[in-house]
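Peer 1: Here the structure of chain A is known, so what remains is to put chains B, C and D with the ligands in place on it, guided by the hints.
Residue numbers (the numbering used here), protein chains in the order written: chain A, 1 to 331; chain B, 1001 to 1331; chain C, 2001 to 2225; chain D, 3001 to 3225.
Do not rely on the hints blindly, as some may be mistaken.
Taking lysine-lysine pairs in the BS3-like style, the calculated list, with each CA pair at most 27 Å apart, reads [to be verified]:
#1 A/LYS227 / A/LYS2
#2 B/LYS1227 / A/LYS2
#3 B/LYS1002 / B/LYS1227
#4 B/LYS1002 / A/LYS227
#5 A/LYS329 / B/LYS1329
#6 A/LYS2 / B/LYS1002
Footprint (simulated), chain A over chain C, 3 or more residues, beta carbon under 8 Å [stated by the list, open to error]:
#7 2039 to 2050
#8 2075 to 2081
#9 2187 to 2197
Don't read these hints as lab results, they were simulated from the structure. Quick reminder that beta carbons are idealized off the backbone N, C-alpha and C, glycines included.
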Amino acid sequence: MKKLINTAETVLEDALAGVAAAHPELAVDLANRVITRAVRPSAPKVALVSGGGSGHEPLHGGFVGPGMLDAACPGEVFTSPVPDQMLAAAKAVDSGAGVVFVVKNYTGDVMNFELAAELAAEEGIEVRTVLVDDDVAVEDSTWTAGRRGTGATVLVEKIAGALAERGAPLDEVAALGERVNAASRSFAIALTAATVPAAGRPGFDLAEDEIEVGVGIHGEPGRRREKLRPARELVAEVVETVLADHRLTAGDSVIALVNGLGGTPLMELYIVFGEVAARLAEHGVTVARSLVGNYVTSLDMAGFSLTLTRADERLLELWDAPVDTPALKRA
Amino acid sequence: MKKLINTAETVLEDALAGVAAAHPELAVDLANRVITRAVRPSAPKVALVSGGGSGHEPLHGGFVGPGMLDAACPGEVFTSPVPDQMLAAAKAVDSGAGVVFVVKNYTGDVMNFELAAELAAEEGIEVRTVLVDDDVAVEDSTWTAGRRGTGATVLVEKIAGALAERGAPLDEVAALGERVNAASRSFAIALTAATVPAAGRPGFDLAEDEIEVGVGIHGEPGRRREKLRPARELVAEVVETVLADHRLTAGDSVIALVNGLGGTPLMELYIVFGEVAARLAEHGVTVARSLVGNYVTSLDMAGFSLTLTRADERLLELWDAPVDTPALKRA
Amino acid sequence: MDVDTRLAEAWVRAIAAAVEREHERLTELDSAIGDGDHGSNLRRGFAAVLTALDGPDAPAPAGPGTVLTRTGSTLISKVGGASGPIYGKAFRAIGAALPQPGEAPADAAGFGEALAAGLRAVRELGKAEPGDKTVVDAWTPALAAYREAVAGGAGLPEAAEAAAGGAERGALDTVPLQARKGRASYLGPRSVGHQDPGATSTALLFRALAEATAAAAGTPGPSGS
Amino acid sequence: MDVDTRLAEAWVRAIAAAVEREHERLTELDSAIGDGDHGSNLRRGFAAVLTALDGPDAPAPAGPGTVLTRTGSTLISKVGGASGPIYGKAFRAIGAALPQPGEAPADAAGFGEALAAGLRAVRELGKAEPGDKTVVDAWTPALAAYREAVAGGAGLPEAAEAAAGGAERGALDTVPLQARKGRASYLGPRSVGHQDPGATSTALLFRALAEATAAAAGTPGPSGS
Ligand SMILES: Nc1ncnc2c1ncn2[C@@H]1O[C@H](COP(=O)(O)OP(=O)(O)O)[C@@H](O)[C@H]1O
Ligand SMILES: Nc1ncnc2c1ncn2[C@@H]1O[C@H](COP(=O)(O)OP(=O)(O)O)[C@@H](O)[C@H]1O
Ligand SMILES: [Mg+2]
Ligand SMILES: [Mg+2]
Ligand SMILES: [Mg+2]
Ligand SMILES: [Mg+2]
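Just chain A, same shape as in the assembly:
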């Protein structure tokens, strides 16, 4: 394992120290492991709190700031944070208008946020939870823990964050978050496995010509193993898979996120995006907005995910709203 770390045990605290040093616009509570905005919103507003295992940076800490999250709770690598963190975050950012937890659908995250919601309620904080479950690689959700939450998280946090910033009430912000999630589908392909620092070696072995199709963001293997093929073919398959589930049709318009999993150069992500745009054009689907880069990563995993969110005027307008976070900015 080759990593720029001090020890496997201290990756989270060391990384948080770096975030604190790099971002005066954020306040990092190292003891509670909570990242908030350094400058509180001037008026009371619904607060957005998210969190999850670390190793997905810039998610979630990189999305804290005006127009998006109020707080993020980073857990250990690929491990849901603990309820105490979310409670501390909720207490730190609640202005009385209530708190929305944005939770990616993983057993651990769901359970821990659930416990936190109970604790917050006991402290008199109103909490709504938006569950993100956009990954269509998880095919049979009756017989699984349900679809995983992946790339759509960025869209939920951005769009619901924009609405919260405008002073919308708690239920409305949560409902919009749910709508964005319902309008989103994702699918990912990995070229290499991720190495969890504490595990010390890659989660699975792939031959020089093999890929994992339908992976999540926690280094787990995908639905199946295939041979590497040209980007055009891989993307065509990914687009077909997403569209098959999404029922997007000619005339629809989408926000498209081509997301790197951490180890893939931007140049390749642009090649992928070019293919995505071409395939969608063939289907008559318009790419109204797009985002290409590393947003929801999986440590050093090479590969990409595609997220398509069906767009309408309102979502686009909120997507375009100003945002000022370390990883997403718009004037």
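Peer 2: Just chains B, C and D with the ligands now, with coordinates in the frame of chain A:
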């Protein structure tokens, strides 16, 4: 070689097609391989043109936009662009106020931009060239091609770009670019080699516990091979190396860029930045501004570079000026 | 043998030692069908539990129930992931099911009820059925074997030994199962052929109970045996 | 033998064929002490040169000088990197040094002057001295051997053969050198022990000249031999 590409021969054109599809705010001339702003500045201004081999994304195309570059010329992977590209770029963006070429100091880049400058002069375009050579790993510049241009390029392009945006004359913009370069020093460490698509395999072989110290951004081996050590120790060495050359002393303040080489997760870059901040604090050097992320990459190479630019009021004020490019935004 | 504070602490310490010894194996199992952190999750959690027991700020526990509820709370506060709430809630439920200080301490049968409360808590939180390839698949046969032993007249050490055997068989029996809960479920049929990490740690937990009770039986403590 | 249009074209085609054959080796050498693109750079460049010669838009060349200056211009426009301008300027200089259409064609001695002009262009642009581990280290001995052969009365094919030998020796002789120009110079002492890719491609270029002139000598063209 595992890459999300169609063919090794078409990576550049396929990536440019993706850039064109992803960024309506850019105009991509696929035939000439020139990226410009889609919307021209309203008033005549000095135009900044940069370029270099591809594989360093987001450099340079990702820095085209208000407040930074007017045009970028991407060459083949790790290969300087050709003079025709820079000439086409200069013709496309010159408003009569002249053009500054920002050139990283590599034999190929220098030669090709030199030829381009001659051609541009023949067409009546006034050109100044700012050479970026910040990499202190190249120790004995009398016996080499001189210091390489690496991370400082981002600072030169941002700061000179801000000045150009305000309407400063050609010589002033070029002089400021040179001043930023002179105030900057960089050093890089690689944990893995980069794989050039056309070569098909890594540029060098590293054992599971080895690193290359003092690498450039073209996949070439560094000054020496060492054993991997904790981030704290690696960073301490890098900071010492840069400071030794830079003669920064207590009370000085810097803009610090911790830059990922393409294959290193953001979490590790934050760990590195935390260590950089701690070491600089020990030296009494203030980090006035910082940037952590993938800005000047080397395909899929894992590792980081550190760039320190001595800051003064004027540089900071221009660093803080608005910028709106795909990879760097500030309101 | 009754369940006293000392036994409760000994059990928790034995789990911590087992986790320290076996965390690499747990992580390896979790790498195969999960995300490769189960060992480090429990290790972090039980290290914190030991600190809570032994640290300078540790209050003297008011009884075995308190030891176990505090263990559960610490796991919830320190582990995260799926196993944090699951084991955390389980220990809190076990602790809550034990008699209060002043009441008569739990005997083998009473402790069986507490273990059952633990399983109920796991199932309530995680909604897993037996056969879903989770903690439940080790805990269920462990509890059944424990009860059968008690019904046959066994004391706590023997019943715990039976439970450990049951948990270990249950963990092994997860190998051919296709996961339907937790991360492993994402793998679909590819989860078949691997032992579930959580069921495996549950087996460690019951093996630790067998060790702690056997040791208590061998070295009579203040409460005798 | 004089240098006519057909010979100039044959030379360029022979280089293109050699580059197509050897590009992987050139890239491999460049991977060791450079950035692993020298083979693909020249391959891209000479493919474009062939298109410029043969493509539908190719104008009929007005003479051997035009063939070579056009080759140089195409390399400059298509290659990039260090080798693009270096070889581009070299071919442009060689072409410019050849007699204009209407003038008496260059003989072996005249062509030697053109090759010398090529080397001057390389050195003017790149500022490399012999021993810096560059193209110059193959071109210099190639030119010396060529001139020596011509001084000894050799015709063009024999002189070219001598030049090819000189270039190949020169390329081999770069192995022990420490690079002082180009990317390889960044490696410092670590550049020692590797053959320079650019010197190696220069050897291909002179070997192609030997082949083309030998073929022209064997199969008399319009200009005879
Ligand atoms: N719904 C559930 N009910 C019971 N146990 C579960 C459930 N989901 C997961 N588990 C257990 O949790 C274990 C994984 O724990 P751990 O790796 O620590 O958490 P995570 O899956 O969040 O990384 C699995 O092996 C499984 O036994
Ligand atoms: N200053 C120079 N003068 C002459 N030849 C040079 C000089 N610098 C580099 N070269 C030659 O260029 C070769 C590398 O070419 P190439 O790989 O195509 O370009 P780049 O180095 O830009 O990647 C080197 O092997 C060397 O022979
Ligand atoms: Mg986990
Ligand atoms: Mg090159
Ligand atoms: Mg796990
Ligand atoms: Mg090269």
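Peer 1: Is the listed coverage of the segment 2187 to 2197 of chain C by chain A valid when you require three or more residues with a beta carbon under 8 Å from a beta carbon of that chain?
Peer 2: With 3 residues in contact (Cβ-Cβ under 8 Å with chain A), the coverage given for the segment 2187 to 2197 of chain C holds.
Peer 1: For the pair we were handed, A/LYS2 and B/LYS1002, check the Cα-Cα distance against 27 Å.
Peer 2: holds, 19 Å
Peer 1: Keeping to a limit of 27 Å between CA atoms, is the pair of B/LYS1002 and A/LYS227 held or broken?
Peer 2: holds, 10 Å
Peer 1: Is the straight-line distance between the alpha-carbon of B/LYS1002 and that of B/LYS1227 27 Å or less?
Peer 2: holds, 26 Å
Peer 1: Mind checking, does the segment 2075 to 2081 of chain C have 3 or more residues with a CB under 8 Å from chain A?
Peer 2: holds (count 6)
Peer 1: Run the distance test for B/LYS1227 versus A/LYS2: straight-line Cα separation, threshold 27 Å.
Peer 2: holds, 10 Å
Peer 1: Hey, A/LYS329 versus B/LYS1329, does the alpha-carbon distance stay inside 27 Å?
Peer 2: At roughly 6 Å apart (the allowed maximum being 27 Å), B/LYS1329 and A/LYS329 satisfy the hint.
Peer 1: Test coverage of the segment 2039 to 2050 of chain C by chain A using CB-CB distances below 8 Å; three residues minimum.
Peer 2: holds (count 4)
Peer 1: Tell me if the straight-line CA distance from A/LYS227 to A/LYS2 falls inside 27 Å.
Peer 2: holds, 26 Å
When the structure is compared with the earlier hints, no violation turns up for any of them.
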